[in-house]
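The listed protein sequences derive, respectively, from chains A and B. Position one of the first sequence corresponds to residue 1 (the numbering used here), numbered consecutively onward. Position one of the second sequence corresponds to residue 1 (the numbering used here), numbered consecutively onward.
Hints in this document: simulated from the structure, not taken from any laboratory. Hints may be right or wrong, so weigh each one.
As the list claims (entries may be wrong) - For lysine-lysine, the following DSSO-like pairs were computed, each having C-alpha atoms within a straight-line distance of at most 27 Å: (1) B:Lys-60 - A:Lys-38; (2) B:Lys-64 - B:Lys-143; (3) B:Lys-60 - A:Lys-37; (4) B:Lys-32 - B:Lys-64; (5) B:Lys-32 - A:Lys-34; (6) B:Lys-64 - A:Lys-34; (7) B:Lys-64 - A:Lys-37; (8) A:Lys-34 - B:Lys-60; (9) B:Lys-143 - A:Lys-37; (10) A:Lys-38 - A:Lys-53; (11) A:Lys-38 - B:Lys-64; (12) B:Lys-143 - A:Lys-38; (13) B:Lys-60 - B:Lys-32; (14) A:Lys-53 - B:Lys-60; (15) A:Lys-37 - A:Lys-53.
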Amino acid sequence: MFEDFYPILFLVALATFLGVALTVMSIILGRRTKLGKKFDPYECGMEPVGTTKDPVPVHFFMIAISFILFDLEVIFLLPWAVVARDLGWFGFGAISIFVVIILVGYVYELGRGALTWE
Amino acid sequence: MLEVIIISSIKVLTVVIVVLTCCAYSTLLERKLVAYMQHRLGPIYAGPWGLLQPIADAIKLMFKEDLVPDRVERTLYTLAPILSFVPSLLVFAVVPFSSDFTLFGYDVTGVISDLNIGVLWVFMITGFGVYGVVLAGWSSGSKWSLLGGIRSSAQMISYELSYGLSIVGVILLANTLSMTEIVGQQDSIFSWYIFRQPLGFILFFTCAVAETNRAPFDMAEAESELVGGYHTEYSSMRFASFFVGEYANMLAASAVAATLFLGGWQGPLLPPIVWMMLKVFFGMFIFIWLRGTLPRFRYDQLMNFGWKVLFPLALLNTMVTGLIVMLTNGTN
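If we strip away everything but chain A, and leave its shape as in the complex, we get (with noise of 0.2 Å):
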């Protein structure tokens, strides 16, 4: 257990301590300025119009619920695939019904028009 956790511990750390240490260093080492209106979200160089607390398409929003699904779906199947030899015929039929529900949700979402874009 100590062997398999304390080197992944110690690379976490490591990488959040570069992770760090690389905003840091651009925050010493940067020269700085205080210039017109370089301050300003860029803009391809016009004025900034707006503000981009706009809401957002409720699209976006179906394809992250779809997202939440089958990816419950994906880690249900990880399990089974580690043990399905020992599970047998048992096991497959099991999983073949589920995987037949989520595609019956796949097939409805497909046919309301969740997953297509324009």
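Starting from the known structure of chain A, arrange chain B on it as the hints suggest.
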């Protein structure tokens, strides 16, 4: 106990340094290869064949002004580059880079940590990548960033499905989630899983290209329409964090592809570590080749392709593989 700590700490340090060096030189490799594909020379002035170019780039980026625009959400804006840099290194925790070896009288395993859920760890960490993108896009307070961030987060989660599904076939054949055992099973060239899972490999690599936001799926930074995408407002080393993260992600995807499908460090004659490097850079070459060759997808084509082609194909691949596993040696 102390021995374990010292050995694995040194190993982690070595791997991180090697990975970061590979990232730096992957940028040079990419510029050189793309240049030759376009009948140009690429970087030639910094050192012979431009070999010092990555160092020059790093120094230049370090001393650039760190510009933080007025409209950003400070906390998330600072957090986003870190969140996109850190997970890209964590994938290498479970990638076996060599067989077990002895160094100065100490037995060293060829992997940072042989987790028995290695494959799951890879996909967990890959899933983190989307946070950096979406937070950077949202917190920048610029419309280009917002559009790029939303687009590429939707793209990344869409392709993550098929990414996860495409390796279920390999796990069915391998019966384990441990990366070390999966490599151990591919000890001759004909037992490489690419020959038993060709469709799985193609799906995996396609999704890997989309996951790392590379051409032809580089919606995130479609220069001609979105300026710089989610990192438009970043400069200096914060920008470099995104860049290093992207290249480390490509290296990680190549390394995982090599481990799962191409036999990892297994190979004749040459030492294992050399084989691993060769396979990883073969993957990198394909990444760069695709960028030099293919035009960019349109966004609707990209999403339709992910949901209506890749996902059903990956599911089909999984169920057919499952059926074959059952028919050949399932009953016991």
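Hints, verified against the model:
Distance check on the hinted pair: Lys-60 (chain B) and Lys-38 (chain A) sit about 20 Å apart at the alpha-carbon level, within 27 Å; holds. At roughly 24 Å between alpha-carbon atoms, Lys-64 (chain B) and Lys-143 (chain B) fall within 27 Å of each other, so this suggested pair holds. For a cut-off of 27 Å, the pair hint linking Lys-60 (chain B) to Lys-37 (chain A) stands: about 24 Å separates their Cα positions. Note on Lys-32 (chain B) and Lys-64 (chain B): the hinted pairing holds, with a Cα-Cα distance of about 24 Å set against a maximum of 27 Å.
Restraint check for Lys-32 (chain B) and Lys-34 (chain A): the C-alpha separation of about 37 Å exceeds 27 Å, so the hint is violated. With a CA separation close to 14 Å, the supplied pair Lys-64 (chain B) and Lys-34 (chain A) stays within the 27 Å bound. Between the alpha carbons of Lys-64 (chain B) and Lys-37 (chain A) the distance comes to roughly 18 Å, so the proposed pair stays at or under 27 Å and holds. The suggested pairing of Lys-34 (chain A) with Lys-60 (chain B) holds, with an alpha-carbon distance near 20 Å, which does not exceed 27 Å.
Annotation: proposed proximity of Lys-143 (chain B) to Lys-37 (chain A) holds, straight-line Cα distance about 17 Å (limit 27 Å). Restraint check for Lys-38 (chain A) and Lys-53 (chain A): the C-alpha separation of about 21 Å stays at or below 27 Å, so the hint holds. Our distance criterion of 27 Å between C-alpha atoms is met by Lys-38 (chain A) and Lys-64 (chain B), whose separation comes to about 14 Å. Our distance criterion of 27 Å between C-alpha atoms is met by Lys-143 (chain B) and Lys-38 (chain A), whose separation comes to about 16 Å.
For the hint pairing Lys-60 (chain B) with Lys-32 (chain B), the CA-to-CA distance comes to about 19 Å; that is within 27 Å, so the pair holds. This hinted pair does not check out: Lys-53 (chain A) and Lys-60 (chain B) have alpha carbons roughly 34 Å apart, beyond 27 Å. Between Lys-37 (chain A) and Lys-53 (chain A) the CA atoms are separated by roughly 21 Å; this keeps the pair inside 27 Å, and the hint holds.
In summary, the structure is inconsistent with hints 5, 14 from the numbered list given earlier, while agreeing with the others.
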